[in-house]
Amino acid sequence: MGVIILIMFLVIMSHFFGTAFRQSSRVHALKILAIDYDGGEIGEAVARAYTELQSGSFPAVEFRSAADFPDDASVRRAVCRGHYWAGIYTHSNASNRLAAALDGGDAASSYDSTNAATYIYNQARYPTVADGQIRSGIEELFGAARNSYYQSSLGKNAFASINPIDEAAIAAYLDPFSATSDLIMPTTQGSRVYYNTAFMVVPILAQFFLVLAINGISSQHQVFTHASIRDVWLIRFAIGKIYSFVGALVTAGYLWAFREDWNVGGREFVLTWMVMWLHTEVNWVLMESLIASYIPLQFISLFVVSWVMVNVASSIFAFELSPGWYRVGYALPAHETYDMLVYVWSGCANPMRVALPIMFTWLVVGHIMAWFSIRKRCLDAERDLKSIGRDEGGSE
1 MGVIILIMFL
11 VIMSHFFGTA
21 FRQSSRVHAL
31 KILAIDYDGG
41 EIGEAVARAY
51 TELQSGSFPA
61 VEFRSAADFP
71 DDASVRRAVC
81 RGHYWAGIYT
91 HSNASNRLAA
101 ALDGGDAASS
111 YDSTNAATYI
121 YNQARYPTVA
131 DGQIRSGIEE
141 LFGAARNSYY
151 QSSLGKNAFA
161 SINPIDEAAI
171 AAYLDPFSAT
181 SDLIMPTTQG
191 SRVYYNTAFM
201 VVPILAQFFL
211 VLAINGISSQ
221 HQVFTHASIR
231 DVWLIRFAIG
241 KIYSFVGALV
251 TAGYLWAFRE
261 DWNVGGREFV
271 LTWMVMWLHT
281 EVNWVLMESL
291 IASYIPLQFI
301 SLFVVSWVMV
311 NVASSIFAFE
321 LSPGWYRVGY
331 ALPAHETYDM
341 LVYVWSGCAN
351 PMRVALPIMF
361 TWLVVGHIMA
371 WFSIRKRCLD
381 AERDLKSIGR
391 DEGGSE
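First residue of the sequence shown? That's 1 in the UniProt record's numbering, and the numbers climb one at a time after it.
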């Protein structure tokens, strides 16, 4: 038994750690949309900078025509729909404003380098990825773009012709352009790192402990032998529904209690509650269907640990950053639950067309299996009772 446990943990943890295996070499799978509304030196500097930075460890920047995305709202929609992880665009006439500022005078005094470009991303969607790979990548891109500008003929000419006594013009040259953020759903609270990890685990454990408690009480009071299969199923069905409903409320409650200044309201709270209710329901029917019926007692803990870890592995990172094998996580409740929560919180990347069929398939199959599981437990309990009776009769 000890060997089996060690092998199981080796397999489980290998699967879990594999989600981040050589992750840096897959950052290029994260796509960023780039639109040049400027049509001048700033946009060209950004394009040259990406050519230098392009690698497997840098997000892929896809330069598209302004005709395909005629305004900033269209860029924002493309990012919101999940087609791209982020969008960057240069502002119209940004290069002309920079050139005027370098000439000095009032244009230099009023010049704002942050009014040259904007980047957009959904911070509620895998915040560690959004801030770690996307935001840092964009900042690195614009840093390289500034260097490219300085090395260009236009940048060198500007340095040669700048008025040395015009402080505003010198300041414009030292900080020629940068990008300002326009986040779809600012998510800066510290607890955000738990939303796709611990937040997915607690409902699973809560359902597991409930099933253990009900099984213990049922065995103690001989419910499986004194009540009909239908009555046992109805009682447990009702308990599971009520517990899942209240448990989801508690789950949403502690998330809300630590939301800090996160801009979510009552509507998002109710929808979060409903999504978590679906998540807890799926895990309830799974535990109800397998524990103490089809899974032997000595393997229950291994099953629960395995189920927890594969679910966390499906939601901890975006699939673009993990090996292809991990796409099997699309079929797991935690991944679909997290995708639905991101949609609830940000209104972006609607996953319902995929998530709801998967979740309801788990529910339907789970409820059917739960009936057969309870039937098996009742018949097993009745058979054990008769066996005990025969043994007692024989001993007399």
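Read the hints as simulated data drawn from the structure, not as lab findings.
Since the structure is predicted, the reported quantities are computational estimates derived from the model, not experimental observations.
Some hints here could point you the wrong way.
Stated by the list, open to error - Listed next, the in silico DMTMM-like pairs over lysine to aspartate or glutamate satisfying Cα-Cα at most 25 Å (straight line):
hint: 1; residue 1: Lys31; residue 2: Glu140
hint: 2; residue 1: Lys156; residue 2: Glu44
hint: 3; residue 1: Lys241; residue 2: Asp261
hint: 4; residue 1: Lys31; residue 2: Asp103
hint: 5; residue 1: Lys31; residue 2: Asp261
hint: 6; residue 1: Lys31; residue 2: Asp71
hint: 7; residue 1: Lys241; residue 2: Glu260
hint: 8; residue 1: Lys31; residue 2: Asp112
Unchecked claim - Cβ-Cβ distance ranges computed for the label pairs, FRET-style:
hint: 9; residue 1: Leu302; residue 2: Ser191; range: 25 to 33 Å
hint: 10; residue 1: Tyr294; residue 2: Ala331; range: 14 to 22 Å
hint: 11; residue 1: His226; residue 2: Ser306; range: 32 to 40 Å
hint: 12; residue 1: Gly190; residue 2: Phe16; range: 29 to 37 Å
hint: 13; residue 1: Asp261; residue 2: Ser92; range: 31 to 39 Å
hint: 14; residue 1: Asp261; residue 2: Thr128; range: 41 to 49 Å
Every residue, glycine too, gets a C-beta built ideally from N, C-alpha and C.
Results for each hint:
1. The straight-line distance between the Cα atoms of Lys31 and Glu140 is roughly 15 Å, inside the 25 Å bound, and the hint therefore holds.
2. A threshold of 25 Å between alpha carbons decides the hint, and for Lys156 with Glu44 the separation of about 15 Å falls inside it, so the pair holds.
3. Distance restraint check for Lys241 and Asp261: the Cα-Cα separation of roughly 33 Å exceeds the 25 Å cut-off, and the hinted pair is therefore not satisfied.
4. Of the supplied pair hints, the one linking Lys31 and Asp103 is violated, its CA atoms being roughly 37 Å apart against a limit of 25 Å.
5. Restraint check: the Cα-Cα separation between Lys31 and Asp261 comes to about 29 Å, which exceeds 25 Å; the hinted pair is violated.
6. Annotation: proposed proximity of Lys31 to Asp71 holds, straight-line Cα distance about 19 Å (limit 25 Å).
7. Under the criterion of a C-alpha separation no larger than 25 Å, the hint pairing Lys241 with Glu260 is inconsistent with the structure, at around 31 Å.
8. Between Lys31 and Asp112 the alpha-carbon distance is near 28 Å, which puts this suggested pair outside the 25 Å criterion.
9. Distance hint check: the CB atoms of Leu302 and Ser191 are about 30 Å apart, consistent with the given range 25 to 33 Å.
10. The hint said 14 to 22 Å for the Cβ distance between Tyr294 and Ala331, and at roughly 20 Å that hint holds.
11. Under the hint 32 to 40 Å, the C-beta atoms of His226 and Ser306, about 34 Å apart, fit the expected range.
12. A beta carbon spacing of about 23 Å between Gly190 and Phe16 contradicts the range 29 to 37 Å that was offered as a hint.
13. Evaluation of the 31 to 39 Å hint for Asp261 and Ser92 yields a pass: the beta carbon distance comes to about 33 Å.
14. Distance hint for Asp261 and Thr128: a CB-CB separation of about 19 Å, inconsistent with the stated range 41 to 49 Å.
In this structure, the earlier hints numbered 3, 4, 5, 7, 8, 12, 14 are contradicted, and the remaining ones agree with it.
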